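Below, each chain spelled out in residue letters.
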Amino acid sequence: MGKENSAEKALNLIRGRLCDPTSVFRPLSGSSDSNFSKLKFIVSTSITEGCNNSILLLGPRGSGKAAVLDLVVGDLMEEYPDSVTLIRLNGLLHSEDNCAFKEIARQLCMEHHLLFSKMASFDENSQFIIAMLRECGLAHKTIIFVLDEFDMFAQASDLLLYSLLDAMQSVTSQAVVVGISSRLDADQLLEKRVRSRFSHRKILFLPPSREEIDSLLEHLLSLPADSSFPSGYVSQFNEKIKNITSDTRFKDMLKTFLNANSTVNSLLKFIFRAVSSMNLESGLLSLENFKTALSSMQRQPKLEAVRDCSILELYVLVCMRRLEVKEQSSYNFISVMKEYKTIHDSFQTSDYYAQNVCLRAFEHLREREVICYAENRGQSQAVEYRPMKLLISASELHQGMRSHACCPAILLKLLDH
Amino acid sequence: MPTIAGPSLSPHKRIVAARSENTGCPRSAEDITPRKRKLRSDSAAAVPTPIKWKSPRRCALMAEVEEEPNGMLETQFDCLDGKSKWNPRDDDQMKAVKEALHVSTAPSTVVCREDEQRRALEFVKGCMEQNKAGSLYICGCPGTGKSLLMFVYEFFQEGLPCLETVSVNCMSLTKTTDIFSKVLGENETGKKAIGSSTPLEQLQILFSQKQQSSSSKMMLIIADEMDYLITRDRRVLHELFMLTTLPLSRCILIGVANAIDLADRFLPKLKSLNCKPLVVTFRAYSMQQIVRILQERLVELPYVAFQPKALELCARKVSAASGDMRKVLSVCRSALEILETEVKGSTDEEPQIPVPEDQMVKMDHMVAALAKTFKSPVVDTIQSLPQHQQIIVCSAAKAFRGSKKDRTTAELNNLYMEICKSSMITPAGITEFTNMCTVLNDQGILKLSQARNDKLKRVSLRVDEADITFALKEIRFFRNCLL
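First to last, the protein sequences are chains A and B.
Residue numbers are given in full-length UniProt numbering: position 107 of the first sequence equals residue 107, and the series is strictly consecutive.
Residue numbers are given in full-length UniProt numbering: position 396 of the second sequence equals residue 396, and the series is strictly consecutive.
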């Protein structure tokens, strides 16, 4: 009983840690060379010295750009409680000028407890924003503009970016513009006037190195010693974690996983799945958990479909593949049946079924989307006469058949010739 | 849209020879107590003295002093010896240097634009003396000082009370015809506006009829970012320039834009009417000009913050690329920050060590800052991609080597699997492959078109093949692959 309780509590603790970006990115940002400290340095100098700045955060999706920015902003809000105002815009929602100005005005009103009128026109909004920028500049408050999906702002009309960056060229305003984008050439998409006003600071978010990943794993998966868990359990758990992470099989698994997708977010998803399949009776993680997580993340749906096929369906697939190899550009059920008959005649296989049984197998395959109609026209034709095509490649078929539970050897031979 | 605000309050502009009077603190004397943050209200409170206004004669005087190009550089360098050492750990001093190099800090005179300034001034004065209307078109690349010159103008015309100025940034107009109402709004002549006519018609009436009051001022209209007034039928731009051709027109129009041939391309009719605008081209800054401007900004500080060679390197690199002054300032500030992190980093370890001699921004700082600004992040990103994505990029580079510029995902998948097989790596399945292609598309390395079927999407490369080869040259496998 007690053990299960503590196992559940441990599970909840770890899962909570994985879902909270702060606890994930804080240890990654410890060193002074990290993106976190670079960003913090730039934004805090802008606040303390009152000068304007613009900066771009670039990196693939899920590499923690928004999370690190949130960390920085949270820290700065604590250090300078009254001098920071945050305005957030998203390129998917606010790329149009009207929308963007309205949203900025609304957020400014909310921050400073003013009344916002939805009926305000575009001109009124823009004048309000300029006046607020001036006021905040005089009151030494910095406004931080966060533009998510910056490439969408850059590709849409230039008025928003131009006015923001132009306002920053004057001495009376105190603002920082932070753009977040996953496109590496986001600043090349800007119009030349806007690009000239944008200071070309870029912070690149690269995937973490092996050492960082190892330390991150240890940090995320170890239970703290001073918590309400029984101490024996804690040391047992942490010991097991150490054993797993130093195991070469685990390292290989991690390497295979990272070879496909190396962002921090995908790593977190992988660990989450592994942790969720923890055996609650023993209360300890094991290598099997990670294996199941890996296979569930790297699924190959078509392969699984082939693996679940019946023998007759496999025959149908092999016939279709043979027809393709013979350079028949389009074939239908009747031609497949002819091929089936030829095979039966030449090899004397035992599996020879009637046409209507084969048709049912055909329909099964079509429903599972392993094969489909080659064209959408000809709806009025009967099923047997409509041209079909395969939706899986030859190698997938091969692999699926090899991992099939009871695929007859003759089929594999037929596929190769 | 914000007009450019007043200049920063650096102490009065001194001519080169009188530098030795400058003592320690760069800021005005009222800043006695050391403050961590320079408060904006300090600048706002102190009123600019009349010496700030640049009368034309003084401008000409300054221009003469600063005219000699190389000779001045040398005198500047001589004077640098007399300056005190800079302590980058001192926050105030660092802040002062950064502020001197910020884009929003406008210098009190325009350096290296004396010729253009003179031409524009002559034009305006000519119009005023003859009491005739005229139009001037200022063009040039971004970052060449056009709006800056207009800002100095604002000050200039304060000295001449007989000019009424209307300054409009055409990007801020919701409709292009709003410019006429803006012009009219500033010019209340006391006549009741007739409700049914448009602002344009009112202006036309205004300029075609003799004024009752004889002491009417001439109107100066400055239109910034004028290419936003170009509509399909080009009416608005035409009408604006035609206002200057009306018989009793009293307005002087100055248009600012980037295109050199705006007047020729969009206003051909004006040529036939013989009232083409005068064109003043602002060429991109050359290396010497950039160095002069930088030194002009740093001349008021009593210490040497930059090694002269570093400034020259920065000027050379940026003038070769675009000649954009904003970029120069950005690179210099970036170099300052690199120095600051270096200095602050060493402070944390051993605070006992005295400040080493001549700490200033040297060549290596500037080189690092230039690399950061001009380097594209593509090479770094490709090097840090996971292995399978690198193989995809490599196969794309191979596929698009010839004349064919795009292929379907299925073909790319075949190439990818060939490469994987040749090196005994298990290839990822087709779903994983399409996911990775989407990730690369998001990052701007590949371009994926839309198609219903995943396999029929067309793929093309957005990155140069040379970049890919350069990024992957360390890894032998890819080197062989890309041969």
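Heads up, some of the hints might be wrong.
Once the Cα atoms are required to be at most 20 Å apart in a straight line, the calculated EDC-like pairs of lysine to aspartate or glutamate come out as [as the list claims (entries may be wrong)]: (1) Lys269(A) to Glu218(A); (2) Lys175(B) to Glu124(A); (3) Lys175(B) to Asp158(A); (4) Lys421(B) to Asp442(B); (5) Lys375(B) to Glu337(B); (6) Lys192(A) to Asp227(B); (7) Lys118(A) to Glu96(A); (8) Lys344(B) to Glu124(A); (9) Lys192(A) to Asp261(B); (10) Lys389(A) to Asp454(B); (11) Lys85(B) to Glu340(B); (12) Lys182(B) to Glu201(B); (13) Lys202(A) to Glu337(B); (14) Lys338(A) to Asp351(A); (15) Lys455(B) to Glu369(A); (16) Lys276(B) to Glu337(B); (17) Lys40(A) to Asp261(B).
No wet-lab data here; the hints were simulated from the structure.
Keep in mind that this is a model prediction, so the values were computed, not measured.
Lys344(B) paired with Glu124(A) [C-alpha distance capped at 20 Å]: violated (45 Å)
Mind checking the alpha carbons of Lys276(B) and Glu337(B) for me, to see if they're no more than 20 Å apart? The hint is violated at about 48 Å.
Check whether the Cα positions of Lys192(A) and Asp261(B) lie no farther apart than 20 Å. Between Lys192(A) and Asp261(B) the Cα gap is close to 17 Å, so the pair holds against 20 Å.
Take a quick look at whether Lys118(A) and Glu96(A) sit within 20 Å of each other, Cα to Cα. holds (16 Å)
Hint check: Lys455(B) vs Glu369(A), CA-CA at most 20 Å. Holds or violated? Holds, because 14 Å separates the two Cα atoms, which is no more than 20 Å.
Has the given pair, Lys269(A) with Glu218(A), been kept, meaning a C-alpha gap of at most 20 Å? holds (16 Å)
Pair hint Lys182(B) and Glu201(B), alpha-carbon separation not exceeding 20 Å: Between Lys182(B) and Glu201(B) the Cα gap is close to 14 Å, so the pair holds against 20 Å.
Are the Cα atoms of Lys202(A) and Glu337(B) separated by 20 Å or less? Roughly 14 Å separates the two Cα atoms, so the pair holds.
Take the C-alpha atoms of Lys40(A) and Asp261(B), compute the straight-line distance between them, and say whether it is at most 20 Å. violated (45 Å)
When you check the alpha-carbon spacing of Lys375(B) and Glu337(B), does it fall within 20 Å? Holds, at about 18 Å.
Could you grab the alpha-carbon distance between Lys192(A) and Asp227(B) and see if it respects the 20 Å cut-off? Answer holds: Lys192(A) to Asp227(B) is near 13 Å, not above 20 Å.
Is Lys421(B) within 20 Å of Asp442(B), Cα to Cα? violated (27 Å)
Consistency note: the structure conflicts with the earlier hints numbered 4, 8, 16 and 17.
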